[in-house]
Amino acid sequence: MIVTPIYTEHFVLTKMTAGDGDKYFRLSNNANVMKYVTGYSLTREESDNMLKSFLEEYGMDTYLGRYLIEDRHSGELIGAAKLDRVGSAIEIGYRVMEEFWGKGVATEIATGLIRFSKNVLKARDVIAFVNVNNAASIRVLEKAGMTNTELIEDLDEVKYRFNYSPKSTPFMKKALYIFLGLVALILIAAFIMPKDYAVEREIVVNKPKAEVFEYLKSLKKQNDWSVWGRRDPNMVKTFSGTDGTVGFVSMWEGNDEVGKGEQEITKIEEGRRIDTQLRFLKPFESTSDAYMVTEGIDSASTRVRWGFTGKMPIPMNVMLPIMNMEESIGKDFQEGLTNLKGILEKQ
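Each position in the sequence shown, counted from 1, maps to that position plus 381 in this note's numbering.
Any given hint might turn out to be false.
[As the list claims (entries may be wrong)] Calculated cross-link-like contacts (lysine to any residue; reagent style SDA-like; alpha-carbon spacing at most 20 Å):
no.	residue 1	residue 2
1	K602	F510
2	K499	K484
3	K727	S599
4	K524	L536
5	K484	N515
6	K499	E489
7	K598	V674
8	K602	T623
9	K524	E538
10	K404	E427
[Said to hold, decoys possible] Simulated DEER-style distance windows between Cβ atoms:
no.	residue 1	residue 2	range
11	F620	G652	38 to 48 Å
12	F661	T626	17 to 27 Å
13	H454	A399	22 to 32 Å
14	A399	T528	30 to 40 Å
15	G456	L563	47 to 57 Å
16	G440	A516	27 to 37 Å
17	S434	V384	30 to 40 Å
18	K727	G562	54 to 64 Å
19	N587	L561	24 to 34 Å
Bear in mind the hints are in silico, worked out from the structure with no lab data behind them.
Heads up, the beta-carbon is just placed ideally off N, CA and C, and yes, glycines get one too.
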């Protein structure tokens with residue numbers, strides 16, 4: 382097995398060899414670095430014996446063992462690290478030269494060891510042990526995503542066991558809070574904002590009221606003047622019932638612009654008003670009510686009012702201001718009425 386170095390953003394971790402005695406002594410000869418290891422700085426002989434015991438524990442054909450930590454670019458000695466197996470878990474550890482304390486080095490190393498243990502060694506669990514008085518290392522492990530899970534009282538040391546327990550990153554938490562805040566605002570707005578919508582347009586047709594009303598009763602003829610019928614020349618139309626009577630249904634299916642749906646005559650006030658129900662099926666399902674009212678101005682002219690009403694369910698009603706149905710639907714209604722006027726006045 383070829384054991385390759387382990388890389389983090391700024392550092393490289395290389396398996397220790399017998400030729401690393403000088404480098405390891407620079408680390409172990411510092412009493413502050415060794416405070417929670419031996420409690421004192423090592424002599425050269427003690428340092429060499431410790432290094433020898435490390436090398437005897439694991440061979441060079443495994444990623445388990447001790448590593449030197451060096452700067453990826455300058456080669457400067459940064460510290461030492463370890464990967465040990467404890468049952469089914471991988472234990473990580475590190476020591477950093479005193480001059481690099483408080484600079485985020487230990488956090489980067491711990492994070493890199495955790496990532497390597499999970500991704501390469503496929504560890505089911507990643508653990509670390511730290512002296513209860515080593516506040517700096519406790520903070521490092523917490524920053525790296527590890528959680529204090531156990532207090533262990535050995536004969537020579539009281540320590541915590543930490544287990545890797547990934548948490549949401551600050552960015553993820555912030556994004557989640559923003560998302561939840563937006564959802565809350567939308568729901569609040571949905572309950573406050575109106576759910577009903579209504580659009581109405583009118584036009585004067587220079588034809589007698591009876592003639593205009595008789596023409597409007599026919600849903601089949603509506604295809605001749607409605608703007609939607611003209612937006613898809615290949616739209617498929619089917620009908621059910623007797624045109625111009627209650628219960629007659631006109632069904633359509635066309636392109637993405639006109640969608641799919643049906644319109645049913647629900648009520649007729651002879652000579653005055655026609656009520657229909659619009660049931661849209663695609664691109665989304667909704668139901669609205671429409672009406673057409675005729676009012677005689679004189680014997681030769683008629684005012685035609687075309688209206689459209691409905692309810693938008695919560696929370697979709699927050700889209701009403703964006704959809705601006707008064708303008709968009711109103712424009713289509715006015716164009717359709719203009720077409721109607723042109724057709725009737727030519728007859």
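Verification of the supplied hints:
no., hint, result
1, K602 with F510, "violated (83 Å)"
2, K499 with K484, "violated (25 Å)"
3, K727 with S599, "holds (18 Å)"
4, K524 with L536, "violated (29 Å)"
5, K484 with N515, "holds (17 Å)"
6, K499 with E489, "holds (15 Å)"
7, K598 with V674, "holds (11 Å)"
8, K602 with T623, "holds (13 Å)"
9, K524 with E538, "violated (24 Å)"
10, K404 with E427, "holds (14 Å)"
11, F620 with G652: 38 to 48 Å, "violated (24 Å)"
12, F661 with T626: 17 to 27 Å, "holds (23 Å)"
13, H454 with A399: 22 to 32 Å, "holds (26 Å)"
14, A399 with T528: 30 to 40 Å, "holds (37 Å)"
15, G456 with L563: 47 to 57 Å, "holds (49 Å)"
16, G440 with A516: 27 to 37 Å, "holds (36 Å)"
17, S434 with V384: 30 to 40 Å, "violated (19 Å)"
18, K727 with G562: 54 to 64 Å, "holds (58 Å)"
19, N587 with L561: 24 to 34 Å, "violated (59 Å)"
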